[in-house]
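> Here are the chains, one letter per residue:
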Amino acid sequence: MGRKLLLEHINVPGINTFEVYRQKGGYRAVEKVLRAMSPEDVVEEVKKSGLRGRGGAGFPTGMKWSFLAKPEGKPRYLVCNGDESEPGTFKDRYLMTHIPHALIEGMIVSSFALGANTSYIYVRGEMMPQIRILEKAIAEAKNAGFLGKNILGSGFDLELYVQPGGGAYICGEETALIESLEGKRGNPRIKPPFPAISGLYNCPTVVNNVESIAATVPIINDGGEEYAKIGLGRSTGTKLISASGNLNKPGVYEIELGVSVEEFLYSEEYCGGIANGKRLKAVVAGGSSVPILPANLILKTVNNEPRLMTYESLADGGFASGTMLGSGGFIAYDEDQCIVRNTWNFSRFYHHESCGQCSPCREGTGWMEKVLHRLEYGHGKLSDIDLLVDVSKKIEGNTICPLGDAAAWPVASAIRHFRDEFEWHVTNPQEAVSRNYGLAHYADPLPKLENVAAS
Amino acid sequence: MLKISDTEEVIFSPELISKFNEIVARYPEGKQKSALLPVLHLVQAEYGWVSTPAMNKVADYLDIKPIEVYEVATFYTMFFLEPKGKYVLEVCRTGPCSIVGADKMMKYIEQKLGVKEGEVTEDGLFSWRGVECLAACGMAPVLQIGPDYTYYENLNEAKVDELIDSLRLKTVEKPQIN
Ligand SMILES: Cc1cc2nc3c(=O)[nH]c(=O)nc-3n(C[C@H](O)[C@H](O)[C@H](O)COP(=O)(O)O)c2cc1C
Ligand code: SF4
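Quick mapping for you: the protein sequence lines, in order, are chains A and B.
First residue of the first sequence: 1, per my numbering; consecutive thereafter.
First residue of the second sequence: 1, per my numbering; consecutive thereafter.
So that you can see chain A by itself, here it is in the shape it has in the complex (with noise of 0.2 Å):
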């Protein structure tokens, strides 16, 4: 069994009430903070730990804290992003369901090591029941002197609120939550100035995901050296994973970074299988953004080496046979699943979510979607599927914010790995809109390297 740090009481009864939590070493994090640390110690401890962004970057959370300026007389934010809105993730919703007060404690810890008197909860309004929790859980801790003036007698005082969203996929990107937070459209800011400096209110600002503050609780607890030794390399520690699609057993599973993806994928620990006894097709690792990768690539690299769940392991290859850990939205996809008609689904998505500030974002989305629709629907022309990887490319690296690449990886990496069932689509468009292409090749043995590189 691998450790758990964040799930360890998940199925303790009632941990999401105060009392509960507490009995089960709760709140320890905020005493040992408040009571032995400065706010540097903490930074330093969080640094120490290796832990990286859990809401799909990846940048080391300590660093991102040290960059936090400190002008005098501005007061500093920290702001929680819960807009959790990639497809295939769900591990933030779990969380804040089921054991609120890790989420409220991380706050408390990550506010104290940031200076951060007010704090905010960022959910995605469709979070209604969620954010009912989170108030619940704030009123708790409140009430047994966690929040508040001078928390523990420390001196300390900090005031949390949960702001809901409004439904908007893009108000996931930092910049365009803060601006959704003062009240205005999701538009993603142009980048200078970065939150650090000049983020809500035009004050220093830290944005980090619900998983990556809760993590701070058993970096805390534990202390930041124990935290790296788990996990491989520069993944340390543990991350939740959502898991979707045709799997025996979906749901939030906690991971000792490091495990296999076959391990994980079949093992009954995990995701138990694919479900009805079908066979593995293809694999999105790590939500709607990350290029997808077909059976063969997503259990071993073109080294014939097993993919590991880690942010190095899952990049592999780069984009010519790899992927990106992401935010752990892991969506696995059968032998009966049609790929072309996932990557027009999947810009569907990203079409109604572009927040229109960009043309090439703005228009290319659409044009995508266009474009994928007529080729399910069997009125596809083989140049469509060129003119689908040049209108990802002409995306790609061109706008405001990373919704752009997000949008043109899926369809290009598409593309790139089940080219065959595109054409197919195109030439057998009466056979197309009655079946599926199936499996083919993609669950075969391992393509040598000159194959996969070439795209």
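Hint data in this document are derived by calculation from the structure and do not stem from the laboratory.
Heads up, some of the hints might be wrong.
Mimicking BS3-like on lysine-lysine, the simulated pairs with C-alpha atoms at most 25 Å apart in a straight line are [claimed, not checked]:
{"no.": "1", "chain 1": "B", "residue 1": "K86", "chain 2": "B", "residue 2": "K112"}
{"no.": "2", "chain 1": "A", "residue 1": "K394", "chain 2": "A", "residue 2": "K191"}
{"no.": "3", "chain 1": "B", "residue 1": "K107", "chain 2": "A", "residue 2": "K184"}
{"no.": "4", "chain 1": "A", "residue 1": "K249", "chain 2": "B", "residue 2": "K104"}
{"no.": "5", "chain 1": "B", "residue 1": "K107", "chain 2": "A", "residue 2": "K370"}
Where chain B lies over chain A, by a calculated footprint (3+ residues, C-beta under 8 Å) [unchecked claim]:
{"no.": "6", "segment": "81–93"}
{"no.": "7", "segment": "161–175"}
{"no.": "8", "segment": "178–187"}
{"no.": "9", "segment": "325–333"}
{"no.": "10", "segment": "373–384"}
Owing to the predicted nature of the structure, the values given are computational and were not obtained by experimental measurement.
For every residue, glycine included, the Cβ atom is placed at its ideal position computed from N, Cα and C.
For chain A, the structure is supplied; the task is to place chain B with the ligands on it using the hints.
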């Protein structure tokens, strides 16, 4: 739920205003515009949708220009800018839900309610629409219903039947949250 037209003047109840006041207190002096999204959610919960007169009143209350409210209300997909059914079934249509039956579920709901996406049933009770990923992919297919946005997970036809029938009878079970 109150029904209002798009021309009638809206008067917020004292209870609603006191909820607004609580929200505004969360932000620094002069940053009351931050309350816009939570306030619009409360308005929609009260009236079922967000009308132009209601938006104007919100602008008054927050001391911002009406356009600042319109541009936000039109940007965020959760806000209804026209009247909907009392219960709006919002069904996730994105990838992970789609590959385990969301498309079929939407067809089934359409047929069961007898209205197209976005329309309202004759009795005024129901609307439905497809929405993007609701962050419940492991419990797919899934739908939710405002104003409390309860999630209904691992859907199948029998569960949809049961849900719609129970809403008709207004005997909705306690929200299940997973
Ligand atoms: C389009 C887009 C959507 C994003 N959505 C989320 C999200 O829902 N949750 C999240 O934590 N980060 C999201 N991010 C990443 C954030 O911008 C930011 O990097 C992150 O919240 C930082 O927290 P971390 O360092 O703890 O990961 C998104 C980024 C982009 C470009
Ligand atoms: S890339 Fe797309 S979502 Fe991001 S700022 Fe530009 S238009 Fe908006």
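> Of all the hints numbered above, which does this structure not satisfy? Sort the numbers upward.
Those not satisfied are hints 3 and 10.
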